[in-house]
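K.L.:
Listed below, chain by chain, are the residues.
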Amino acid sequence: MTATREDPDDHLHEAAEAWLHDALAEAAQAAAAPPEPTSPYVSASWELRFAAAGRHCGPRHADFVRTLLLRTARADPDTLTRLYRHGTAAERRAVLLALPALVPGPEALPLVEDALRTHDTRLLAAAVGPYAATHLPPHAWRHAVLKCLFTGVPVDTVADLPRRARHDTELARMLRDHADERTAAGRPVPADLHRVLALTVPPEES
Amino acid sequence: MRIFDPHIHMTSRTTDDYQAMYDAGVRALVEPSFWLGQPRTAPASFFDYFDSLLGWEPFRAAQYGIAHHCTLALNPKEANDPRCTPVLDALPRYLVKDSVVAVGEIGYDSMTPAEDTALAAQLQLAVDHGLPALVHTPHRDKLAGLRRTVDVVRESHLPPERVLLDHLNETTVKEAADSGAWLGFSIYPDTKMDEDRMVAVLRSHGTERVLVNSAADWGRSDPLKTRRVGDAMLAAGFTDDDVDQVLWRNPVAFYGLSGRLHLDLPSPAALHEGNSVLRGGE
Ligand SMILES: [Zn+2]
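Here the protein sequences line up with chains U and A, keeping their order. The number in the working numbering is simply the position in the first sequence, starting from 1, with 1014 added. Going by the working numbering, the residue at position 191 of the second sequence is 177; the numbering climbs one at a time, nothing skipped.
Same shape as in the complex, but just chain U:
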């Protein structure tokens, strides 16, 4: 199995392939017959694989492998919430990345909101994906965009940015105020800010 299509040399090594094969089988089994949790401290075998994916497949493949496991296990919002709460930053990232494929409604928004409260750019980048674009209410979404500008997460990471930014006069005001604050402090205004500001105005009105 190829972990990323962009880089043909970037395959999983043989031992990792075998490990992933077994892990996916366990996840598929859990999808067919969800195991009854026996204690808050005991995890299903595929969930242990989810935690250990980084060292078995390499950190570069961890996002891909973990999200694949979540989709194969058809993890429901309760399971995703538990894995997020019990997860390392890398595991939390994978849960956030898997949300659009696994949760059609807004029930997983508390996880996105949790990630947006952190200052960990790995989590922020995963939180502003397509799930947030679909479900995050306007106020929280605007703050997420602003937080990307604050923490250096490229705004290209924000899913569906042109659609959500269009006609958003409140976002435009926040961006202008932020630019004024930077200028008053003698600091440069990030180029990304001007790009988002331009998106708030539809081309025919500019």
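No wet-lab data here; the hints were simulated from the structure. Errors might be hidden in some of the hints.
Reference listing, derived: stretches of chain U covered by chain A, where coverage requires no fewer than 3 residues with Cβ under 8 Å from a Cβ of chain A [what the hints assert, rightly or not]: (1) 1059 to 1066; (2) 1096 to 1104.
Residues from chain U that face chain A, not an exhaustive set, calculated with beta carbons under 8 Å [as the list claims (entries may be wrong)]: (3) R1069; (4) P1073; (5) R1074; (6) D1134.
Which chain A residues stay away from chain U? Per the calculated CB distances, all over 12 Å, these [said to hold, decoys possible]: (7) R(-12); (8) A6; (9) R13; (10) D95; (11) E156; (12) Y174; (13) D176; (14) T177; (15) W204; (16) G205; (17) R206; (18) L210; (19) A222; (20) G223; (21) R235.
Backbone N, C-alpha and C define an ideal beta-carbon position, used for all residues, glycine too.
With chain U held as given, fit chain A with the ligand onto it using these hints.
P.N.:
Then chain A with the ligand, alone, in the frame of chain U:
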């Protein structure tokens, strides 16, 4: 000089420390979970601490080009508090995490029956999870504590070559070495060991299986003590290769027993660009 600090509590340190450590040559560290100075009253308080050793602290370290791993355990002091002992039941959930490279710090504080139980149980957890163990030796009644520690390790299923006995000094190094364990020395400004005494120990015992750490935490301590030992070794006639063995290769070999060490990080320059976390997480 490349430096791996095998025992330092970065949660208690500032970003200035991270920068100074990077400038001194520190490229990797292990943060053992320990006592926070203030007693914790519930297992949940430990879980938040463990989460931060698995989440925010590695992120902070990476901003400064330093690879961060951790060891997790119920520490000996709080093993005596029945409000905290349920942490033992939850540890398996944490010991599977990718950046956990040992069970620790475990060991003795006051040598109580509760500490006996927690030490034995956690040595077994190390066996169950394929992890080595970082075993601290007590500050009070040190030689008796070392002997009791070595006995418990011998009775466990964890082979001594998967154990790091820490906070050793002149009086405990010989018996610790005879046990077959790895030997850790904490260099402190005024307690534990200092760099000149460390050099003397290295002269008489050699550099094999020896690790040196700053054990820097919330008390009076110095995160650059590893570098000071490297400089003192060179001044005393040790070679660059000797220094590299003690300050880099030995810790890599010991924590590498976990199979979970990941030491290549992007250079901090790439991360610094435009990242306000470095300016205090505006
Ligand atoms: Zn310590």
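K.L.:
Take a quick look at Y174/A and tell me if its Cβ sits farther than 12 Å from every Cβ on chain U, holds or violated.
P.N.:
Correct as stated: the minimum Cβ-Cβ distance to chain U is 31 Å, above 12 Å.
K.L.:
Examine each Cβ of chain U, and state whether all of them lie more than 12 Å from the Cβ of D95/A.
P.N.:
holds (25 Å)
K.L.:
Determine whether the non-interface label on R235/A survives the test: each CB of chain U must be over 12 Å from its CB.
P.N.:
Given a closest Cβ separation of 21 Å, the condition holds.
K.L.:
According to a criterion of three or more residues whose C-beta lies within less than 8 Å of a C-beta of chain A, is the segment 1059 to 1066 of chain U covered?
P.N.:
Since 3 is at least three, the answer is holds.
K.L.:
In terms of Cβ atoms, is chain U entirely out of 12 Å range of R206/A?
P.N.:
Non-interface label on R206/A holds, nearest chain U Cβ at 29 Å vs cutoff 12 Å.
K.L.:
Holds or violated: is the Cβ of A222/A farther than 12 Å from all Cβ atoms of chain U?
P.N.:
holds (38 Å)
K.L.:
Can P1073/U be said to touch chain A, with a Cβ gap under 8 Å?
P.N.:
holds (6 Å)
K.L.:
Taking the shortest Cβ-to-Cβ distance between A6/A and chain U, state whether it exceeds 12 Å.
P.N.:
Per Cβ check, A6/A is outside 12 Å of chain U; nearest 22 Å; holds.
K.L.:
Would you check whether the claim that R(-12)/A is not at the interface survives, using Cβ distances to chain U and the 12 Å cut-off?
P.N.:
holds (21 Å)
K.L.:
Test the statement that W204/A is away from the interface with chain U: the closest C-beta pair must be farther apart than 12 Å.
P.N.:
holds (22 Å)
K.L.:
Is the nearest Cβ of chain U still more than 12 Å from the Cβ of E156/A?
P.N.:
Its Cβ never comes within 12 Å of chain U, the nearest being 38 Å, so this holds.
K.L.:
Taking beta carbons only, do three or more residues of the segment 1096 to 1104 of chain U come closer than 8 Å to chain A?
P.N.:
n = 4 at 8 Å, threshold three: holds.
In the structure shown, a violation is registered for the earlier hint numbered 5 alone.
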